[in-house]
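Line by line, the protein sequences are chains A and B.
Here the numbering used here runs 1 ahead of the position in the first sequence, where the first position is 1.
Here the numbering used here runs 314 ahead of the position in the second sequence, where the first position is 1.
Rather than coming from a laboratory, the hints here were simulated on the basis of the structure.
Treat the numbers as computed from the prediction; the structure is a model and nothing was measured.
We treat Cβ as the ideally placed atom computed from N, Cα and C, and that holds for glycine.
Warning: the hint list may mix true and false statements.
[Stated by the list, open to error] Distance condition first, Cα-Cα at most 30 Å in a straight line; then the derived DSS-like pairs of lysine-lysine:
#, chain 1, residue 1, chain 2, residue 2
1, A, 43, A, 2
2, B, 354, B, 336
3, B, 336, A, 43
4, B, 355, B, 333
5, A, 2, B, 355
6, B, 332, A, 43
7, B, 336, B, 355
8, B, 350, A, 43
9, B, 366, B, 355
10, B, 332, B, 354
11, B, 333, B, 366
12, B, 355, A, 43
13, B, 333, A, 43
14, A, 2, B, 350
15, A, 69, B, 350
16, B, 354, A, 69
17, B, 332, B, 350
18, B, 350, B, 333
19, B, 355, B, 332
20, A, 2, B, 366
21, A, 2, A, 69
22, A, 43, B, 354
23, B, 366, B, 350
24, B, 332, B, 366
25, B, 333, B, 354
26, B, 355, A, 69
27, B, 350, B, 336
28, B, 366, B, 336
29, B, 366, A, 43
30, A, 2, B, 354
[To be verified] Far from chain B, by Cβ distances over 10 Å, these chain A residues were calculated:
#, residue
31, 12
32, 83
33, 109
The residues making up each chain are set out below.
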Amino acid sequence: KQEVTQIPAALSVPEGENLVLNCSFTDSAIYNLQWFRQDPGKGLTSLLLIQSSQREQTSGRLNASLDKSSGRSTLYIAASQPGDSATYLCAVRVTGNQFYFGTGTSLTVIP
Amino acid sequence: ETGVTQTPRHLVMGMTNKKSLKCEQHLGHNAMYWYKQSAKKPLELMFVYNFKEQTENNSVPSRFSPECPNSSHLFLHLHTLQPEDSALYLCASSQDQGKYFGAGTRLSVL
Chain A
2 KQEVTQIPAA LSVPEGENLV LNCSFTDSAI YNLQWFRQDP GKGLTSLLLI QSSQREQTSG
62 RLNASLDKSS GRSTLYIAAS QPGDSATYLC AVRVTGNQFY FGTGTSLTVI P
Chain B
315 ETGVTQTPRH LVMGMTNKKS LKCEQHLGHN AMYWYKQSAK KPLELMFVYN FKEQTENNSV
375 PSRFSPECPN SSHLFLHLHT LQPEDSALYL CASSQDQGKY FGAGTRLSVL
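Go ahead and model the full structure; you've got the sequences and the hints to work with.
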């Protein structure tokens with residue numbers, strides 16, 4: 002069974018810093034990997050989707066990479082802002098409609 | 315706006331009440347999902363519907379009853395819930411690509 006792990010569970014950084022969030026998965030046979038953002042008490046907002054054939058995706062200050070062979074993905078956030086404070090989750094899609102979620106990294110950006 | 319709309323956003327109900335959560339997606343997706351998210355716990359998949367057919371029921375108690383009348387609408391009927399069922403209930407849809415979530419219904423069972 003696929004297991005998805007996110008480290009660290011919580012991260013606190015001063016505003017302006019660049020930071021990296023990590024996601025690892027145990028089975029490299031994935032269709033795609035998706036990063037989400039969740040604000041407290043709210044739904045999940047999709048940030049980036051990386052297909053299994055891709056190495057990275059970029060959107061604004063966000064860059065996500067995928068290394069299927071090692072079972073790892075990173076989400077790089079450049080020049081962090083207080084508005085980036087949220088929980089970030091990664092999810093891998095395996096067969097059909099099966100998705101496995103990590104437990105998330107809670108990010109706090111201090112002004 | 316993700317294209318997935320959930321109503322109501324907040325719901326308070328007693329243990330003897332019957333209520334329903336509604337989810338509607340405008341993305342043309344063929345799969346819809348119900349998730350439960352409790353405080354400090356990972357997302358728990360409850361039900362999956364694919365082309366209106368239920369394809370997964372993750373050992374969910376019968377007090378939760380899903381209904382999918384068409385590929386755009388998904389309901390979660392609730393009856394005789396317990397206080398531990400209080401949580402954020404999230405609906406999602408997907409097609410070939412990624413998954414898209416609604417804003418959730420915050421449910422409190424008194």
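Tested hints:
Straight-line distance between C-alpha atoms of residue 43 of chain A and residue 2 of chain A comes to about 28 Å, which keeps the hinted pair within the 30 Å bound. Annotation: proposed proximity of residue 354 of chain B to residue 336 of chain B holds, straight-line Cα distance about 25 Å (limit 30 Å). For the hint linking residue 336 of chain B to residue 43 of chain A, the alpha-carbon distance of about 16 Å falls within 30 Å, and the restraint holds. A C-alpha spacing of about 24 Å is found between residue 355 of chain B and residue 333 of chain B, which places the hinted pair at or below 30 Å, so the restraint holds.
A distance of roughly 19 Å separates the Cα atoms of residue 2 of chain A and residue 355 of chain B; the hinted pair therefore holds under the 30 Å criterion. For a cut-off of 30 Å, the pair hint linking residue 332 of chain B to residue 43 of chain A stands: about 24 Å separates their Cα positions. Only pairs whose Cα atoms come within 30 Å are accepted, and residue 336 of chain B paired with residue 355 of chain B is accepted, the gap being roughly 23 Å. Between residue 350 of chain B and residue 43 of chain A the alpha-carbon distance is near 12 Å, which keeps this suggested pair within the 30 Å criterion.
Among the hinted pairs, residue 366 of chain B with residue 355 of chain B is consistent with the structure: their alpha-carbon atoms are about 29 Å apart, no more than 30 Å. The straight-line distance between the Cα atoms of residue 332 of chain B and residue 354 of chain B is roughly 27 Å, inside the 30 Å bound, and the hint therefore holds. Distance check on the hinted pair: residue 333 of chain B and residue 366 of chain B sit about 21 Å apart at the alpha-carbon level, within 30 Å; holds. This hinted pair checks out: residue 355 of chain B and residue 43 of chain A have alpha carbons roughly 15 Å apart, not beyond 30 Å.
Proposed proximity of residue 333 of chain B and residue 43 of chain A is supported: the alpha carbons are some 21 Å apart, at most 30 Å. Straight-line distance between C-alpha atoms of residue 2 of chain A and residue 350 of chain B comes to about 20 Å, which keeps the hinted pair within the 30 Å bound. Under the criterion of a C-alpha separation no larger than 30 Å, the hint pairing residue 69 of chain A with residue 350 of chain B is consistent with the structure, at around 29 Å. For the suggested pair residue 354 of chain B and residue 69 of chain A, the alpha carbons sit about 28 Å apart, so the restraint of at most 30 Å is met.
This hinted pair checks out: residue 332 of chain B and residue 350 of chain B have alpha carbons roughly 18 Å apart, not beyond 30 Å. Proximity of residue 350 of chain B to residue 333 of chain B is assessed by CA-CA distance (about 16 Å); at most 30 Å being required, the pair is judged to hold. Between the alpha carbons of residue 355 of chain B and residue 332 of chain B the distance comes to roughly 26 Å, so the proposed pair stays at or under 30 Å and holds. A hinted pair counts as satisfied when its Cα atoms are at most 30 Å apart, and residue 2 of chain A with residue 366 of chain B qualifies at roughly 26 Å.
In summary, the hint linking residue 2 of chain A to residue 69 of chain A is supported, as the alpha carbons are separated by about 16 Å, within the 30 Å threshold. Simply put, residue 43 of chain A and residue 354 of chain B have alpha-carbon atoms about 14 Å apart, close enough for the 30 Å limit, and the pair holds. About 20 Å separates the Cα atoms of residue 366 of chain B and residue 350 of chain B, which keeps this hinted pair within 30 Å; it holds. A C-alpha spacing of about 23 Å is found between residue 332 of chain B and residue 366 of chain B, which places the hinted pair at or below 30 Å, so the restraint holds.
For the suggested pair residue 333 of chain B and residue 354 of chain B, the alpha carbons sit about 25 Å apart, so the restraint of at most 30 Å is met. Only pairs whose Cα atoms come within 30 Å are accepted, and residue 355 of chain B paired with residue 69 of chain A is accepted, the gap being roughly 26 Å. For the given pair, residue 350 of chain B sits about 14 Å from residue 336 of chain B by alpha-carbon distance, which is consistent with the 30 Å threshold. Of the pairs offered as hints, the one joining residue 366 of chain B and residue 336 of chain B holds, with about 15 Å between alpha carbons and a cut-off of 30 Å not exceeded.
For the given pair, residue 366 of chain B sits about 26 Å from residue 43 of chain A by alpha-carbon distance, which is consistent with the 30 Å threshold. A threshold of 30 Å between alpha carbons decides the hint, and for residue 2 of chain A with residue 354 of chain B the separation of about 22 Å falls inside it, so the pair holds. No Cβ of chain B comes within 10 Å of the Cβ of residue 12 of chain A; the nearest lies about 16 Å off, and the non-interface call holds. For residue 83 of chain A, the non-interface assignment is confirmed: its Cβ lies about 22 Å from the closest Cβ of chain B, beyond the 10 Å cut-off.
Listed as outside the interface, residue 109 of chain A is consistent with that label: its C-beta sits roughly 16 Å from the nearest C-beta of chain B, beyond the 10 Å cut-off.
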